[in-house]
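Position chains B, C and D against the provided structure of chain A, taking the given hints into account.
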Amino acid sequence: MLEALLELRGLRKRFGGLTVTDDVSLTVLPGEIHAVIGPNGAGKTTLIHQISGTLQPDKGAVIFAGQDVTGWSFPRRAKAGLARSFQITCIVPGFTALENVALAVQARSGSSFRFLRPARSEAALNAAAHAALDSVGLGQRAGVMAGSMSHGEKRQLELAVALATEPRLMLLDEPLAGAGPEETERLIALLRSLRQRYGILLVEHDMQAVFALADRISVLVYGRVVVTGTVEEIRAHPEVRSAYLGEDEMA
Amino acid sequence: MNRRALLGTAAAAGFSGAMPSLVRAQAPGIKVGFLATLSGPAATLGNQLRDGWLLSVKHLDGKLGGVPVETLVIDDELKPDVALTKVRAALERDKVDAVVGVVFSNILQAVFRPVTESQTFLITANAGPSTYAGRGCNPYFFTTAYQNDQPHATMGQVAQDEGYKRIFILVPNYQAGKDAVAGFKSRFKGEVVDEIYVPLNQLDFSTEVAKIAAAKPDAIFTFMPGGLGVNLVRAYRQAGLASIPFLSTFTVDEATLPAQQDAALGFYTAATWAPDFANDQSKRFVKDFEAAYGYVPGNYAAQAYDAALLVDSAVKKTGGRMSDKAAVRAALEKADFTSLRGNFRLGVNHYPVQDFYLCKVVKRPDGKYATETVRKVLTNDTDPHAAECRMR
Amino acid sequence: MSVNLLLVQLLNGAQLGILLFLVAAGLTLVFGVMDFINLAHGVQYMLGAYVAASLGVWANSFWLGLLLALPVSLLIGLVLEWLVFRHLYGRDHLSQVLATFGVILTVDDAVRAIWGSAPLPVPQPEGFTGGVEIMPGLTYPTFRLAIIVVGLLVALLLWLLVDRTKAGMLVRAGASNAPMVSALGVDIGKLFTLVFGFGAMLAGFAGALAGPVFAVTPGMGDAVLILAFVVIVIGGIGSIRGAFIAAVLVGLIDTLGRAMLPDLLRLVMDASSARQTGAALASMLVYIVMAAILFFSPAGLFPVRRG
Amino acid sequence: MRARLRLILPLVVLAALAAAPFLGFDSSFAYTVLSRAMILGMGAVSLSLLVGGAGLVSMGHAAMLGVGAYAVASLDAAGVTDALIVFPVAALAAGLFALLTGAVSLRTSGVHFIMITLAFGQMAFFTASSLSALGGDDGYTLYGRTEWLGTRLLENRLAFHFICLALLAGTWLLCSALLDSRFGRVLRASKENALRAQAVGFPPYPYRLVAYTLAGAICGVAGALLANATEFVSPATLAWGRSGELLFMVILGGAGQLYGAILGALAIVLLEEWLSHLLEYWRLAFGPLLILSVLFLRNGLAGITAMPKRRRPSGKPAALGQEADA
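Protein chains in written order, with our numbering: chain A, 38 to 288; chain B, 82 to 473; chain C, 53 to 359; chain D, 90 to 415.
Some hints here could point you the wrong way.
[What the hints assert, rightly or not] For lysine to any residue, the following SDA-like pairs were computed, each having C-alpha atoms within a straight-line distance of at most 20 Å:
#1 B/Lys112 to D/Leu381
#2 B/Lys457 to B/Phe358
#3 B/Lys297 to C/Met187
Because the hints were derived from the structure by calculation, they are not lab data.
Small disclaimer: the values here were computed from a predicted structure and weren't measured.
Here chain A stands alone, though its shape is the one from the complex (with noise of 0.2 Å):
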């Protein structure tokens, strides 16, 4: 059996009398894309919180690639490998795509307690940045001004900063909120073609995507997870098509 990249044992956050995650254990395994599902209010935010260190659980631990994270910071378990995009965007407006991204680049490339150098000249930051702005199919956009992309734009742009960091785990909440139809094309192909390469852990509402993308799919319901199987098997699961998905969706 493959060791898994992420495993989740028994996590719970309560807020107030509201227990939003509830005991949850799951894994991501290397190469795999792991799709999280569930109505509004099930907690995936959270979990993708605690997950990523900006929030603490009460109980239970993260671990990743082996190592116990539970205890670190959100910034430290970025610079381990554990990348994450936001459900809102987020980039830094004042900042061209490419410095967007350059910075990611400079985060695994040596010290940045580098103080006279002009950053904007260093020429391997840039070819890593530009790759990558490249792979996402940004490549003609590098000196515009991030705050003035489009809204798709943007989310291509978060997940090139998120591929620059050179990831081992990308955790993706929602990357596909707000996007056209054809921006969705571009984004689900854009996905497909991480696969293999990057554990992805994937909270997504698009159905059409998460069935078209996922290898294994964890439904959260009230913060609890009510199975966990192959895409087939979500789809047959009576329970999930009866409180999730519906038999319409189904037909």
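Frame of chain A; chains B, C and D shown alone:
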């Protein structure tokens, strides 16, 4: 001006509106830079100083030693670096013949070197730190005020004379406050029950007043200039401590009395002059001052008035030749004028040798508050540092 | 230190705290509801003192002066809001700091030009000129006791206003989430003006009350302003309850620190250095406490806004 | 185009400062005012590095100025006056002070950061006031200016003018380089979007702390110069009003551009000088000018010269436009 009269505040200071800081006489002959603190809570002292000087010049028909004088009023804002910049401007740009005034010692220390090194006469009408009285005495530096230790020492002598055994001391926590304690202790030999140092920005004295009440001293000695003194005096009176004699320096005087009023009645201060001095010149000064500026002149104003008389006497002696520094200095050292204080001469260190008085706050028949002499405490007092001065 | 003396010092601390609260209450509301840093709040305090003192002398009655100072303070507050502050609501904190500092400079100098630099005489409050002998030899002025009582009443009134009325509910909601309130269809501009005027009046009231106790001088608002900021930061910005507790805390710390630190230090060092170190340390104590509180609880003791 | 203006304007200003002594501004007074403006300009540029570069609004920056100045005073009292010792010590002392206070202050953000830096500034102020060995509240007069390899170079007005100018230019270049470097990129990214910087592995804290320390050290050098210019040190150097003044120089000049701080410092020092010479209640004119400048000069003085066609995100760091224009 009307508005102020309407509001009935006796503490008229400065002029309403934007007054040009250049007060011109007819034709420029002698130029004097008059440096004083004219903004912030301490501005009352600066106003006293400035108005005293201006009145003196007016009495001399706008002339010093017969030469028309131009006074350049400079506000130091009680910031040493600001004072320095402005004084340099006065020296270089306006080419003043003398710098006069100076309320606070720290301002004096900031401007001392540039003024004296440019061989310009520096005559203070209030600040008199020990720094320039002893080994640091300077041929270009004069003061018509006193050496800072002397008023405090006067109060120490008063406490000693009255036979007080236990004294409570309260001063601000800065150098002048510490000097005040040292000055007082130089002549008081009894027990000091407690010394309290309060921050300069102290808002309220209720804490200290409670401590004084608990300590039950024979008398207190305090040095609380400006707004501090107003707060202290009020809190002291309100706490019913007025039966404990209130010995002070620069705490109850004509600069603060308009705000303290009844609360300060009967409190003591040490001074070189008080508005009730009997000599004719002093009487004329007080009368004209109150007519011109609407408030009672204090020590500060009198010392500044004398400063103008001092310069006047020197210019007269040298026939208006301010460029002959040695002659001007010699003339200044003579101090050949009649001081408002009567008994007055300059010592070897250019600090006055004079009498010191115990004064008390009274309400005059006209309803205004002033200090009144009680008795002479020290006669012909020379400051303790003068012996160290080797004037070059 | 005797129990009596300690009691007196506690009263002193409470009285300082109450005055600070009156200034801080308006500041924290303005800050909390409008996200507006108003350095010029201290100016309101100063103007309150000046107006009350002048009108009190004119009417020959402290209380009449105090009463008249309220509408005048309100008016001044509204005029300043209309002239300057309302143009700054949408701006960043930096611009607000700069512009309101400009207001301080202007008004301080205007006060000097109108009233002069000397401390102003203040009529004694009729009926409260006496005192209570709390400790042998020490009379505690009834007026200071009155300040404590009046301050507590105002605090109670404020609490009722903010906690029990519709306007108060909007203010509280505005403090925690301003966009939501405007989404509810409330005229946020009107609410702002209301809160601002009210805050200005409270500060003016505090200044008028402080007149007979402290010196009425130009710039008297600056020292109070900084302490008031310390209070609202310790208390948690936007929280009236926090402002009250923090104000009393600051009042007590400042008073007791000054009263006791030099004596405490005498246990570990010689008398003269203990006095001076104690005095220096006592001035810093409030700031040290603030830094420590922010270190452990970066949003103050009673944070209103989440995150 | 704007990129070029951004470079040209500060150079013009620096050149004007260099030419001033030869254009008749060579009285002691002119030297005093100009050196004061240049020194405070240095302090303001270092503060601008924090405000514009890192989004850290410090209300206690005068403390750094003060630590530098008091370093000079205490060395002077100990008889040490060599520039090669004095200036590094001033920088180190101020840097150390910034490191210690920054380590605590940077736990907070926004308004709380303003207040906690103010608190440390006040502590420094009261400490300086109680230093009786250095005159306490009255301040301390230096025996003389700092010496350069045994010569009294700093006593020469022209030399001192150019030393100030060189250090000002150096500060500006250094801070610009800092903002353009890898370090500066992380700093700027953390300012605009801290979450983004964290997501790629940069915790803001250490970068901000280093920036705070560096700015403190630079301001310490300015403080040492200030002590030399006035030959006098007093707690007034550390007063919170002075911190405010530095902040106003930054904002008036335009926080988005480092050289804005230089413009702001020149404007404020010269304006103060001119108005206070003209009027007794000069703040009655100065205050409204400040208010009007905030209301109508949104991007500060630097904003007039680089008038943008459309509104840009506020606080845009200096180095960015160049890529956009390329």
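Hint consistency between B/Lys457 and B/Phe358 [alpha-carbon to alpha-carbon, up to 20 Å]: With a Cα-Cα distance of about 12 Å, the restraint between B/Lys457 and B/Phe358 holds, given a limit of 20 Å.
Hint consistency between B/Lys297 and C/Met187 [alpha-carbon to alpha-carbon, up to 20 Å]: 12 Å, holds
Restraint status (C-alpha distance of B/Lys112 to D/Leu381 at most 20 Å): Violated, at about 38 Å.
Checked against the numbered hints above, the structure violates only hint 1.
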